[in-house]
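K.L.:
So the chains spell out like this:
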Amino acid sequence: MTTAISVKNIGKQYKIGAAESKFRYNMLRDVIMDTVYAPVRIAKAMIGKSDRRQNQNYVWALKDVSFDLEEGKVLGIVGRNGAGKSTLLKILSRVTEPTVGTVSVRGRVGSLLEVGTGFHPELTGRENIYMNGAILGMRRAEIDSKFDEIVDFSEVTQYIDTPVKRYSSGMYLRLAFAVAAHLEPEILVVDEVLAVGDAEFQKKCLGKMGDVAQQGRTVLFVSHNMSAILRLTQEAIVLNKGQMLMRGPTQEAVDFYLSSGQAQAGERIWEYGRCPGGECSI
Amino acid sequence: MTQLSKVPAHEPTTIYIKPSKGLAALNLRDLWIYRELIFFMVWRDVKVKYKQTLLGMAWAVIQPVMTMLIFSFLFGGVAKLPTDGIPYPVFAFTALLPWGLFVTALNQGSRSLVAHNNMVTKIYFPRLILPMSSVFAGLVDFAIAFVILIILMFYYKVTPAWNVLWTLPLFLLLAIITALGVALWLSAINVQYRDVNQALPFLTQFWLFATPVAYSSSVISAKWQILYFLNPMAGVVNGFRWALLGSGNGPDVTLFVSATISILILVSGLFYFRSMEKTFADTI
Numbered sequence: 001m002t003t004a005i006s007v008k009n010i011g012k013q014y015k016i017g018a019a020e021s022k023f024r025y026n027m028l029r030d031v032i033m034d035t036v037y038a039p040v041r042i043a044k045a046m047i048g049k050s051d052r053r054q055n056q057n058y059v060w061a062l063k064d065v066s067f068d069l070e071e072g073k074v075l076g077i078v079g080r081n082g083a084g085k086s087t088l089l090k091i092l093s094r095v096t097e098p099t100v101g102t103v104s105v106r107g108r109v110g111s112l113l114e115v116g117t118g119f120h121p122e123l124t125g126r127e128n129i130y131m132n133g134a135i136l137g138m139r140r141a142e143i144d145s146k147f148d149e150i151v152d153f154s155e156v157t158q159y160i161d162t163p164v165k166r167y168s169s170g171m172y173l174r175l176a177f178a179v180a181a182h183l184e185p186e187i188l189v190v191d192e193v194l195a196v197g198d199a200e201f202q203k204k205c206l207g208k209m210g211d212v213a214q215q216g217r218t219v220l221f222v223s224h225n226m227s228a229i230l231r232l233t234q235e236a237i238v239l240n241k242g243q244m245l246m247r248g249p250t251q252e253a254v255d256f257y258l259s260s261g262q263a264q265a266g267e268r269i270w271e272y273g274r275c276p277g278g279e280c281s282i
Numbered sequence: 001m002t003q004l005s006k007v008p009a010h011e012p013t014t015i016y017i018k019p020s021k022g023l024a025a026l027n028l029r030d031l032w033i034y035r036e037l038i039f040f041m042v043w044r045d046v047k048v049k050y051k052q053t054l055l056g057m058a059w060a061v062i063q064p065v066m067t068m069l070i071f072s073f074l075f076g077g078v079a080k081l082p083t084d085g086i087p088y089p090v091f092a093f094t095a096l097l098p099w100g101l102f103v104t105a106l107n108q109g110s111r112s113l114v115a116h117n118n119m120v121t122k123i124y125f126p127r128l129i130l131p132m133s134s135v136f137a138g139l140v141d142f143a144i145a146f147v148i149l150i151i152l153m154f155y156y157k158v159t160p161a162w163n164v165l166w167t168l169p170l171f172l173l174l175a176i177i178t179a180l181g182v183a184l185w186l187s188a189i190n191v192q193y194r195d196v197n198q199a200l201p202f203l204t205q206f207w208l209f210a211t212p213v214a215y216s217s218s219v220i221s222a223k224w225q226i227l228y229f230l231n232p233m234a235g236v237v238n239g240f241r242w243a244l245l246g247s248g249n250g251p252d253v254t255l256f257v258s259a260t261i262s263i264l265i266l267v268s269g270l271f272y273f274r275s276m277e278k279t280f281a282d283t284i
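Which chain is which? The protein sequence lines are A and B, in order. Our numbering puts the last residue of the first sequence at 282; the count rises by one with no breaks. Our numbering puts the last residue of the second sequence at 284; the count rises by one with no breaks.
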């Protein structure tokens, strides 16, 4: 098996906002003042009185994360809000650069970081499918060939030539997910997009994700929905405060995550008769 | 969902992601791969611009025509500015074409990254596409207004020299270079400093006065000419007038100065944009 994704010691540092760093706004005026005072600051740093502010304003959203993922595997990522899941996916999909570390990615990465990106309210459903498809990296011919399938999947056939600003929010999201779900990159990065539409549609989404996984694509899947993680992935990693706590079979990773008290509102929903591992004790 | 669609047959390429240092390469290959997105963005800009308007695309004509009428009344009729013997309406409208293109780039282009911040923070694509497509969308309005210019030229019986066929495209290219260069600089700065938004109305107005749109550049005294043509739009507008109306002396040292500045702005803009690009998603 070849390695699809290889992550080596990546870290991402973010600046904390203005609230922490009293009265410092990002304005041209400040930059000019900073430039004027730069020699003073440098001189201070040189004699050892380094500016403390420098270290206080930064936080590591992701630190020292390494893992390899083989082609065709589906990896779940779990962790609390702010654990660094989205930052990791953003780095893998090249939206932002890591501060340190390297990643090598083999193949085209399609990201479903948020559905409906680039949707314009004034455009019709049809126009938005093409627009959104292009934004997600699909060729026009590719969209042409999948157009009917996308429309069918979204269940908005009747309104396809209506501006999407007239859509109900459910219709809007269904259409957006439908376009995204028909992307066919070698590596798919999915962040919490299954909370879309009604129960019926969610089921369809899960089915679609399952199909994608079976087609031999490499998938990275982030969700707070533990039953979705358990159903779609064989392996998972647990992130906490930017660090990778463990990697293992999904069942173990989820148990670890839920039992380590990180999940504040731990919730496990098994559909009737579909509990994983056959350990239905309830 | 029925058939198993296959993974593309070509050998996947490996991408290395690491913190970039120093000057980033231009990465024109990625731009080429995403060329269809440029087309779609331009198409969307044009399509959305006149949606839910009564007059629709007619606005592309009304705006320059109204400006031309006001200029004709004030500067042609009341102030009687010299126009090198060309009827004032044609004289002004010829300049308003490249100027309109430039203003679109200045306003739409500068805001393009911030306006599409949801795309910038969620999806990878060459960010150059955003200011580029704003500038190209301006070309559609340009083309529509150009039809009006042809009508005006017929009406006032102004015939261009035969060489307009190659001089005009060259000056149009120079206009695009200038517009794109300025849009690259301002859009990248705007990501971090929204001061750009505040400065734009003033900047647009100031730049209009500094450009020979309402008047002829011949009113500038000889010793200030070189300094005056440091404004790249002055060269563009004069070039348009020379190519279409035969006014002025044609390409000379002043055009060289303007064109050099245009190219400098574009090249430096490209490098500045590329060097800032990696921080866009974090700072926007």
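Honestly, the hints are just simulated from the structure, not real lab data. For every residue, glycine included, the Cβ atom is placed at its ideal position computed from N, Cα and C. Heads up, a few of these hints could be off.
Derived coverage of chain A by chain B (criterion: at least 3 residues anywhere in the stretch with Cβ under 8 Å from a Cβ of chain B; other residues may be distant) [claimed, not checked]: (1) 57 to 68; (2) 88 to 94; (3) 134 to 141; (4) 223 to 232.
K.L.:
Examine the segment 88 to 94 of chain A: at least three residues should have C-beta closer than 8 Å to a C-beta of chain B.
P.N.:
With 5 residues in contact (Cβ-Cβ under 8 Å with chain B), the coverage given for the segment 88 to 94 of chain A holds.
K.L.:
Holds or violated: the segment 134 to 141 of chain A covered by chain B, criterion of 3 or more residues with Cβ-Cβ distance under 8 Å?
P.N.:
holds (count 6)
K.L.:
Would you check chain B against the segment 223 to 232 of chain A, counting CB to CB pairs closer than 8 Å, and say if three or more residues qualify?
P.N.:
violated (count 0)
K.L.:
Tell me whether the statement that chain B covers the segment 57 to 68 of chain A is true, taking a Cβ distance below 8 Å and needing three residues at minimum.
P.N.:
Answer violated; 0 residues pass the 8 Å Cβ test.
Of the numbered hints stated above, those contradicted by the structure are hints 1 and 4, listed in ascending order.
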